[in-house]
Structure formats: C-alpha cells, structure tokens
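Top to bottom, those sequences are chains E and Y. Here our numbering is used: the first residue of the first sequence is 1, the next is one more, and so on. Here our numbering is used: the first residue of the second sequence is 1, the next is one more, and so on.
It is worth saying that the hints were derived from the structure and are not from the lab. Misleading hints may appear alongside valid ones.
Unchecked claim - Here are the simulated DMTMM-like cross-link-like pairs (lysine to aspartate or glutamate), alpha carbons at most 20 Å apart as the crow flies:
| hint | chain 1 | residue 1 | chain 2 | residue 2 |
| --- | --- | --- | --- | --- |
| 1 | Y | 466 | Y | 482 |
| 2 | Y | 273 | Y | 478 |
| 3 | Y | 158 | Y | 2 |
| 4 | Y | 43 | Y | 311 |
| 5 | Y | 321 | E | 235 |
| 6 | Y | 187 | Y | 208 |
| 7 | Y | 440 | Y | 311 |
| 8 | Y | 184 | Y | 205 |
| 9 | Y | 316 | E | 235 |
| 10 | Y | 327 | E | 183 |
| 11 | E | 214 | Y | 360 |
| 12 | Y | 327 | Y | 307 |
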Amino acid sequence: MSKPDISNTTAQVKESLFKRYENLTVLSIFASFVAIVVLIQLISTGGSRFPTFISPVNIVNILQQVAVPGIVAISMTMVMVSGGIDLSVGMLASMVSIVVSLGISQWHFGVGPSIFLGVASAVVLETIMGFIISRTRIEPFIITLGGMISFQGIALLLSNSREVVMQGELNFLTINLVEGARDPVTGLILRIPPYVLAFFVIAVIGGLLLTYTKYGRRIYAVGTNPRAAFLAGIDVRNMRLSVYMIQGLLVGIGATMLLARINTGIITLGQGLEIDTIAMVVIGGTALSGGKGNIVGTLIGVFFLGSIANAMNLLRLPSEVQFLAKGLVVIIAVSAGDVSSQISEFRGLKREQAKARSVAATAKKGGA
Amino acid sequence: MDEILRLSHISKTFPGVRALQDIAFDLKRGEVHCLCGENGAGKSTLIKILSGAFQPDEGGQIFFNGEAVSLTPHTALRMGIHTIYQEHIVFNALNITENIFAGSEIVRRGLLQRREMRRQTENVLRYLKSDLTPDMRMSDLTSGQQKIVEIAKALVSKSNVIILDEPTASFSSSEIDTVLNIVKTVKEDGIGVIYISHHLDEVFEIGDRATVLRDGRRVSVHPIAGLTKTALIKDMVGRDPSTFYKRERVERGEVALEVMNVTGNGVRDVSFKVHRGEVLGFAGMVGSGRSELMEVLFGSAPLVYGEIKIDGKSVKHGSPKNAIQNKMCFITESRQTSGLFLPKTIAENVAVANMVNTREFITRPANDLLTGEKYVKILNIKAPSAHTRVVNLSGGNQQKVVLGKWFNTGGEIYIFDEPSLGIDVGSKQEIYKVMVDLLKERKAILMVSSDMPEVISMSDRVIVFKQGQIAGELTGEELTEENILTLSIGDRKE
Numbered sequence: 001m002s003k004p005d006i007s008n009t010t011a012q013v014k015e016s017l018f019k020r021y022e023n024l025t026v027l028s029i030f031a032s033f034v035a036i037v038v039l040i041q042l043i044s045t046g047g048s049r050f051p052t053f054i055s056p057v058n059i060v061n062i063l064q065q066v067a068v069p070g071i072v073a074i075s076m077t078m079v080m081v082s083g084g085i086d087l088s089v090g091m092l093a094s095m096v097s098i099v100v101s102l103g104i105s106q107w108h109f110g111v112g113p114s115i116f117l118g119v120a121s122a123v124v125l126e127t128i129m130g131f132i133i134s135r136t137r138i139e140p141f142i143i144t145l146g147g148m149i150s151f152q153g154i155a156l157l158l159s160n161s162r163e164v165v166m167q168g169e170l171n172f173l174t175i176n177l178v179e180g181a182r183d184p185v186t187g188l189i190l191r192i193p194p195y196v197l198a199f200f201v202i203a204v205i206g207g208l209l210l211t212y213t214k215y216g217r218r219i220y221a222v223g224t225n226p227r228a229a230f231l232a233g234i235d236v237r238n239m240r241l242s243v244y245m246i247q248g249l250l251v252g253i254g255a256t257m258l259l260a261r262i263n264t265g266i267i268t269l270g271q272g273l274e275i276d277t278i279a280m281v282v283i284g285g286t287a288l289s290g291g292k293g294n295i296v297g298t299l300i301g302v303f304f305l306g307s308i309a310n311a312m313n314l315l316r317l318p319s320e321v322q323f324l325a326k327g328l329v330v331i332i333a334v335s336a337g338d339v340s341s342q343i344s345e346f347r348g349l350k351r352e353q354a355k356a357r358s359v360a361a362t363a364k365k366g367g368a
Numbered sequence: 001m002d003e004i005l006r007l008s009h010i011s012k013t014f015p016g017v018r019a020l021q022d023i024a025f026d027l028k029r030g031e032v033h034c035l036c037g038e039n040g041a042g043k044s045t046l047i048k049i050l051s052g053a054f055q056p057d058e059g060g061q062i063f064f065n066g067e068a069v070s071l072t073p074h075t076a077l078r079m080g081i082h083t084i085y086q087e088h089i090v091f092n093a094l095n096i097t098e099n100i101f102a103g104s105e106i107v108r109r110g111l112l113q114r115r116e117m118r119r120q121t122e123n124v125l126r127y128l129k130s131d132l133t134p135d136m137r138m139s140d141l142t143s144g145q146q147k148i149v150e151i152a153k154a155l156v157s158k159s160n161v162i163i164l165d166e167p168t169a170s171f172s173s174s175e176i177d178t179v180l181n182i183v184k185t186v187k188e189d190g191i192g193v194i195y196i197s198h199h200l201d202e203v204f205e206i207g208d209r210a211t212v213l214r215d216g217r218r219v220s221v222h223p224i225a226g227l228t229k230t231a232l233i234k235d236m237v238g239r240d241p242s243t244f245y246k247r248e249r250v251e252r253g254e255v256a257l258e259v260m261n262v263t264g265n266g267v268r269d270v271s272f273k274v275h276r277g278e279v280l281g282f283a284g285m286v287g288s289g290r291s292e293l294m295e296v297l298f299g300s301a302p303l304v305y306g307e308i309k310i311d312g313k314s315v316k317h318g319s320p321k322n323a324i325q326n327k328m329c330f331i332t333e334s335r336q337t338s339g340l341f342l343p344k345t346i347a348e349n350v351a352v353a354n355m356v357n358t359r360e361f362i363t364r365p366a367n368d369l370l371t372g373e374k375y376v377k378i379l380n381i382k383a384p385s386a387h388t389r390v391v392n393l394s395g396g397n398q399q400k401v402v403l404g405k406w407f408n409t410g411g412e413i414y415i416f417d418e419p420s421l422g423i424d425v426g427s428k429q430e431i432y433k434v435m436v437d438l439l440k441e442r443k444a445i446l447m448v449s450s451d452m453p454e455v456i457s458m459s460d461r462v463i464v465f466k467q468g469q470i471a472g473e474l475t476g477e478e479l480t481e482e483n484i485l486t487l488s489i490g491d492r493k494e
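So that you can see chain E by itself, here it is in the shape it has in the complex (with noise of 0.2 Å):
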C-alpha cells in the first residue's frame, strides 16, 4: 500500500471555490432570489421605478422583522454546531413574555426585576434540559420537545390561558434610534429600534466567540467528535451544558424586545420561533450532526428566511405562498451544496471513463 498511498497525499487536494468559502452556496443562493424579486418589479413596473424590495426603507423593515428570531438564531447556531438541538425556544419565548409582562402589569415588580426574572427563568430551564441532556444520552430532541410541552404548560398556568396586556412600560425597547432620518429613496421615515442594534451586537460578538475563542473552538471539536475532544481533555459535558444556558439567555432577551413590539404577553407570541430559528440555521448550513457552521453563514439565513415574506408581499402574491416558499428555500439551500458535489463527482467519473476509453483505443490501434 505503499506507493500509491504517498502519491495520493502529495496531490494537491483542489476543493471547489464552494467547499473552500463554505457559506458561498447559500450566499448565491440568496442573490439569484434578490436579484429575480429585483427583476420582477423592474419588469412590471416598465423600469420607471427604484425596486422597492431593495429600497432602504424595506431593508430596515425586514430587518425590524427579523431582529428577534435572529437573536434566537446565533444561540441556535451555537447548539447546533455542538451537535444538539433545541426545540423549545419558541414556547420558552412565550413564556418569558408572559413572566415579564405578568411581572410588569400584576406583580408590580417594576420593570427592571421583572425582565431580568422573565430572562433568568429562561436561562434556568434551558439549564435544566442542558443538564439532562448533556449528563445522559437521551436525544436533545426528545429533553426539548418535552421541554417545548412544559414551558407551553408553565405560561399557560401563569396566565390563566389569557393575554396579559402591557401599559407601554417597554416601549423605551421599540424608540427609534435613528430619529429623523429619512429614506433617500421614497422619502419614507425609517426607524431603526434598539432590538435591531442589539441583534447586531449580540451576532458579532456570537461570531467573535466562534471564531476567535478557546470557547468558541471547543464547541467546534464537540460536534464534530465528541470522544475525540474528551480524550483531547475537553470536558464534553459542561460544553453541551453551556450552549444551552446560552441559548436560554438569548431567548429570555429575544422575548423581552418582542414583547416590547407587541405590548401583550400572549401564548402565541413565540409561536413558530423554533421553526424559523432552526430552519435560519440550516438554510446558513449548519450542520444537524454538529460540528459545521457559522454565524455569517446564519446572518445569511436569516436575512434569506425574513425577506421572503416581504418579497412575496411586494409581489402582491397571496400571503400563504410565503410558507411554501420558505418550505422550497430550506430544501434547496440545504441539498444545494451535496448536489453540487454530486454533479462534480459525477463528471470527474465521466471524464475517467473517457480517458480510460482513449487509452484503450490508442492501445487497441498500436497493437494492430
């Protein structure tokens, strides 16, 4: 085995432009659908108009609509690199909401206990299910899905089933940072809210903490193999277990501002989080084995997933073709990246046998 095996290793092992810039796929992906919406309104307009779907306004508008699932989705992100998953993060959201607003309008803690209640509450029940989750070997879909249950159950009984009304207490959450500043465009007022700065500072510093961290690295090695990094005296445990307080952290926050943006402390608030966080993370190509992603990669996906309700608005479609469209947004993004590897193994198979079949022809000429 000898021989081949050396030359093997000196070949100098070419990835494609799209294995080595992982987060190009989705990237194009996501242009080409920018650019159709683009064209689209360009053609139905006659060009006598700017494309509204790129318009600053619509821009700061998707981005209003996408802050709070986006924070969610960076505490996703990390959980699902260290190979977990969490499915309760949208009922834990509601209940958050239903603790803080509860906290706020009948206990009459004043604001600030009440929020850092609503987040702490969060940050222990996400503990709790890290602690079972990364102290046995039961799935992290079943601790969550059995926590998504619970949590439903906790807001409900706090709640007595109703909605817990709010008298504006939050609204310094949902004040317009970028007062008087105006669309070049269309003229249009645009209000950019603290929650969609606090997206932005909670992604970098997410990002920073991947990336350029001990922290950040470890998280990595777990996923990918997990008794590889504990022989690498990583302590795998207390790894899985801190993803999840993460993750409770983020949820308690992400909850707290849409609570300030609906001023209700309602059940259905979190609604679907789970689903658009998860599918944000997969679209950016995380990885449900763990191991694989990032949070540029994320900042795409949620960007992808929050504009396509928006385009399909714009484009005057009914607005139940947004689930489908988000529905054929996850599949292709995420089989994208093996088809495309697929059709290059598939052509470099092609090019063998064409080679082969020369050579055996040449072969065949030479010896008659």
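Chain E is already provided as a structure; the job is to place chain Y on it using the hints.
What follows is chain Y alone, placed relative to chain E:
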C-alpha cells in the same frame, strides 16, 4: 470422511500488499479444521474469500463437493457456507426467532408463518442442548448466548460448512465450554467447521487438524492428535527478518511513570515502571486488556483500585484533562474515531489538545496556523498547508497529525496504542524515527502493539498481557516471538 471444500493456489493481492500467497486448504465433512497464526497472518482474508466477500486472484481454484465454483456472498450462502464473524451481527430489539429468520422469513401467501418459525427455532435450540427459548429478546442475552443464536441461525438455513472467527473472544470460561460443546454437536452431524481462535487450548480440545498461516503463506498442516503446543507455536513464529526494524538505543533515565496494583476497566492488579528514554511494549492478543489499561492510565476509564505515580508523585486522573495537565499523551488505536476531527484542518486538530494548558480565552487562528505549519514541517506531513482538511490525508499522514496534536501539548509520557495500524511502510518508518527522537528528548513511551515485528524491534522491554493481567515480562535475549506467543496464548487459567 469425504471432502467438502478444497482450495488450491489461492492468492490475494491488495494494492501493495500480498495478503495471501498460494494457499492450499481442504475441509472434510464432520471435521473441525483450525486456522492458526498471528495477527495479520492472513486468516481473516482467507475466510473472507470463503464467505465470498473477497474474490481471489486469478489462478486460484475453489472446489465445493468436487466441483469448481466461484464464491460470492450470495452463492456461498446458497451452498451452505455460513460465516460467523467475531463481531455480533444481531438485531437487539428483536427476539431469538426473529433474529434467526431475519432475511429468510418463512412466508406463505404473503403472510409470515410465525408458528412455523418458532417451532423450527425451538427444535434447533433443543438440538444444541441450549436452555434459551425462542421468545427471548436478543438484548437480554450475554455475548456467549448471542453467539449460540448465530450458530443456530446457520443450522436452520441448512449449512454444510460453518466458519467461526474467534467465537470465544472475551467470553467467560463457562460460556467458552458451551460454545465448544455446540461445535462438537454440530461436527457429529457431518458439518465441516473452520475454527479460528487465539486460544490454543480450544484448538487442542476440539480440533481435528490445524493449518498454520504466517505472512500470508501456509506453513504447515497437522493432525491435532500427537501435536504439541510448542510445535504449533514454532510454526507460527519465524518471520522474515527484513520485517524487523533496527532501532537506535537510548540511555535509560529515571522512572517517569510508576503503576501499582492498578485495577479497573477489566484490568486486574497491574504494576510496572517506565523509565525515561525507554519504550515499554505491551504485547498480547487483541482483547487481552492492554488498551483498557491505557484508558485507565489516561483517566478516560475509572481507576477502581491502585496508584499511579508520575515522576514519583502520586496522581489522580479524574479525566483526560488532568492526564494531559500531568504531561501524558494518548495516541489512540483508532485515529479516525477517537483521535481526529476529520472535517477540520490540520491546524485546528493540532491546536485542540493543548487548550487545557493555555490560559488565554482568545485564540488567534493565525497562530494556530503557524503552529500547524511547524508540525507539518517537523513531522513531514504531506499536505499543501496546515489549512488542509485532515479527511483528505492518507492514514500515515493522519497519524502524524495525531502526533502533532500531542507534541503540541509538551507531554512527557506517551502512550502509543497500535502506532502503525493501517499506515504505509514509509510513514511507519518515519513514526518509528519520531519515537526514537522522543526518547532522546528524555520522554517515556508505553506502546501497545499487536504487530509482532513492531513490538519486538521497538521495545526495550515487553509486558505480555493475558485476560486483563500481566502474564510476564520479557527483555533482552528472552524477547522473542516464541516467548511472547507462549505467554499470551498458553494455557487458559481456571
């Protein structure tokens, strides 16, 4: 006794390796024919040819009942050649009947004939004088009982030949007796049995003939009657001297690691010392407890009793983390499952183990890359750069990445578990050289190896393991293949 199976001039070549060379072999009805030989002698390749998993090179012939045949997994099964591999292939959630008929269910008009299958299972279990019942769930059985079910499966599908590959590895002695009795029953029914075992006393208890393989060649065939163990071992040893490596000797220093009465993880009461500048080899059969001992020493398996001293200081390794901090390194047997992060780059792999020794929270990928490049150069890893993903490297270069990962921790005591398993000859020599370099830097090495030339030529001393205990220690002139084999496969302790 008439002949059922005959092989003549069977060779098998893998790219670069001659696994089998001109093998002749025959099997008669009602005979137990044992295959003996060291690890890597070619036994597994031979039975894979018989089960149809491998096709022999051109020129070889296989006769079944006197007719020339070519064997594929399908035709082998149709002729009733049934191979029972060392690893259990069972469905744990199903019961015995369902396991026996998995893939060959009795069906009439599209309906499963449950009662008929259960009846046949009952019959065969009674025939094997087993106290198992058809409805027992597979996951509730011991590995010895599971082996019986596999043999029962072979009998139900009307076998002519049963091949048993290491059927008793890691069994208790009463389970071994049960399996041996079953083999005797089966043989009386006129079925030919090919039996592979490292335990020579089993060979002598049930075998009729023994064929010895060495380095892919057939050395001899003996009738068991009148044969002695010493004669058999003599045939198994005597390798080609060119396979041995001449190693530079290094002056022995003070004791680096002392192990006293260590018990746990299947290992009992093990004591030894390793000096700096010395390779202490661990020989023995696969499953004799050597890797299990290393796990205990490295803290990845619990220490039940005993003491571990590093440089004279008693240490307690609660986890690999402590072990690494105490300057230990563990190059595991299976680099892909427990040593490497395959989709990650060389740089990332090299950086990972040293994280327990660094205080900084911030890591700089650029620094990791520099460290990676350093080890690519030092260890002569054949890769374009430290950015290369490990999955794209060959076995030998992957092993070097594992070494780089541990060198980067600045370890003093190195555990090599099968350091050259599955790597090419060139990389093997390079890894041996690296080991000698470590000795020159006054490090200590513990080396588990089932590769006879490797363990003899690389070790200063060799501890032979058997059934989780030290069977003996060999050094200097006594360090021969024959002595290692005698210690590791000698009489079973009762």
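Do the hints match the structure? See the list:
As the CA atoms of residue 466 of chain Y and residue 482 of chain Y are separated by approximately 15 Å, the hinted pair is consistent with the 20 Å bound. Note on residue 273 of chain Y and residue 478 of chain Y: the hinted pairing holds, with a Cα-Cα distance of about 19 Å set against a maximum of 20 Å. In summary, the hint linking residue 158 of chain Y to residue 2 of chain Y is supported, as the alpha carbons are separated by about 18 Å, within the 20 Å threshold. Using a Cα cut-off of 20 Å, the hinted pair residue 43 of chain Y and residue 311 of chain Y is violated, with the two alpha carbons roughly 43 Å apart.
The hinted pair formed by residue 321 of chain Y and residue 235 of chain E meets the criterion: a straight-line CA distance of about 8 Å does not exceed 20 Å. Simply put, residue 187 of chain Y and residue 208 of chain Y have alpha-carbon atoms about 10 Å apart, close enough for the 20 Å limit, and the pair holds. Of the supplied pair hints, the one linking residue 440 of chain Y and residue 311 of chain Y holds, its CA atoms being roughly 18 Å apart against a limit of 20 Å. For the hint linking residue 184 of chain Y to residue 205 of chain Y, the alpha-carbon distance of about 10 Å falls within 20 Å, and the restraint holds.
Proximity of residue 316 of chain Y to residue 235 of chain E is assessed by CA-CA distance (about 17 Å); at most 20 Å being required, the pair is judged to hold. At roughly 62 Å between alpha-carbon atoms, residue 327 of chain Y and residue 183 of chain E are farther apart than 20 Å, so this suggested pair is violated. A C-alpha spacing of about 8 Å is found between residue 214 of chain E and residue 360 of chain Y, which places the hinted pair at or below 20 Å, so the restraint holds. For the suggested pair residue 327 of chain Y and residue 307 of chain Y, the alpha carbons sit about 17 Å apart, so the restraint of at most 20 Å is met.
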